[in-house]
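Colleague: Here the sequence shown is numbered in the working numbering, starting from 1 and rising by one per residue.
Check before you lean on any hint, since a few could be wrong.
Dumping the calculated SDA-like pairs for lysine to any residue here, alpha-carbon to alpha-carbon at most 20 Å [said to hold, decoys possible]:
{"no.": "1", "residue 1": "K165", "residue 2": "L144"}
{"no.": "2", "residue 1": "K162", "residue 2": "I179"}
{"no.": "3", "residue 1": "K162", "residue 2": "A145"}
{"no.": "4", "residue 1": "K88", "residue 2": "K165"}
{"no.": "5", "residue 1": "K88", "residue 2": "L78"}
{"no.": "6", "residue 1": "K88", "residue 2": "L8"}
Computed Cβ-Cβ distance ranges for the label pairs, DEER-style [claimed, not checked]:
{"no.": "7", "residue 1": "S259", "residue 2": "R81", "range": "36 to 44 Å"}
{"no.": "8", "residue 1": "T91", "residue 2": "V3", "range": "46 to 54 Å"}
{"no.": "9", "residue 1": "I127", "residue 2": "V148", "range": "46 to 54 Å"}
Honestly, the hints are just simulated from the structure, not real lab data.
No experiment lies behind these values; they were computed from the predicted model shown.
Cβ coordinates follow ideal geometry from the N, Cα and C atoms, glycine included.
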Amino acid sequence: MLVDFLQLTVAGLSQGSVYALLAVGLIATYTVRHVVNIAQGDYAMLAGLGSVSMIAAGVPMLPAIVLAIITVTLASVLIERLIIARVKNLTTLVSIILTLGVSTLMQACMLLAWGAEGRRLPFFPGIDLNLGGVSVRSQEVWMLAALVVVGGGTLLFYEKTKYGKALRAVAEQPVAARIVGISPAVASMVAFGIAGLVGAVAGVVSAPLYLATWSAGLLLGLKGFVAAVLGGLTSFRAAIIGALLLGVLEQYVAGYIASGLKDGVAFLVLILVLVIRPAGLVLRQSAARV
């Protein structure tokens with residue numbers, strides 16, 4: 001019984017690490033432009049499918065993954081320049097509707113390019129572990145490591161570097177940011193580039209375990225959004241913790257109750273958070289020094 005509990009916990013943490021990366025990408029754009037990017041999950045699927053195709057075409061695995069991540073990062077910046085930046089008076093509600101349209105367009109393109117069949121990347125190099133009867137697959141370690149390196153790196157960039165603080169200053173005081181020489185246009189491009197990067201990383205590290213499909217991005221992105229809401233759409237730390245808890249809770253529900261209820265957990269959590277604690281897991285409001 002204990003082994004089953006620990007096994008579900010390990011699976012939940014690895015799944016939650018993907019949600020956490022997507023939540024980091026969502027917060028990266030929201031804290032700069034107050035844009036809720038519903039297409040965040042589609043970045044993951046695009047990177048997964050793209051890397052699978054390049055490997056099938058004969059490109060070695062590592063260059064294929066790197067090229068897929070770079071391509072999705074540039075695509076995110078291009079979406080910002082061609083669509084997001086051209087909308088005047090962009091409110092949060094408008095951004096949700098707009099990026100939902102972008103998500104639908106991306107899904108249609110992926111369906112045309114790759115068809116409806118899911119694709120899977122080969123497993124990354126590594127050794128599966130068995131700790132007291134609990135199996136820890138090497139790919140799960142890669143997923144958690146990606147969260148630590150990429151998610152943690154993004155958190156440190158935004159909270160500890162002057163460039164990251166400058167990005168957040170654009171959303172808080174756009175006029176003052178212009179006066180001191182911070183370009184809102186450049187800040188928005190950088191934020192979307194970061195969102196594309198972390199979304200692509202989430203897609204490639206999860207593709208060996210979970211199929212990359214044209215339609216999976218929206219649901220995946222919404223789960224990342226729930227984790228971001230747990231962080232009040234501003235706190236990277238709270239969103240990461242919330243995402244890991246969400247992944248574990250999903251696995252417990254699937255293992256002990258019914259697997260069909262798994263995808264409903266995130267939205268039940270969202271409803272409860274919005275009703276009980278709209279500020280999310282953030283314990284206090286913090287003022288960022290810029």
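Colleague: Evaluate each hint against the coordinates.
Modeller: Going down the list of hints, with the structure as the test:
This hinted pair does not check out: K165 and L144 have alpha carbons roughly 26 Å apart, beyond 20 Å. For the hint linking K162 to I179, the alpha-carbon distance of about 16 Å falls within 20 Å, and the restraint holds. As the CA atoms of K162 and A145 are separated by approximately 26 Å, the hinted pair breaks the 20 Å bound. For a cut-off of 20 Å, the pair hint linking K88 to K165 is broken: about 25 Å separates their Cα positions.
Pair hint K88 plus L78 holds up; C-alpha atoms about 17 Å apart against a cutoff of 20 Å. A threshold of 20 Å between alpha carbons decides the hint, and for K88 with L8 the separation of about 47 Å lies outside it, so the pair is violated. The beta-carbon spacing between S259 and R81, approximately 42 Å, falls within the hinted interval of 36 to 44 Å. Separation of T91 from V3 is about 50 Å and conforms to the stated range, judged on CB atoms against 46 to 54 Å.
Taking 46 to 54 Å as the suggested C-beta distance range, the pair I127 and V148 does not conform, at roughly 19 Å.
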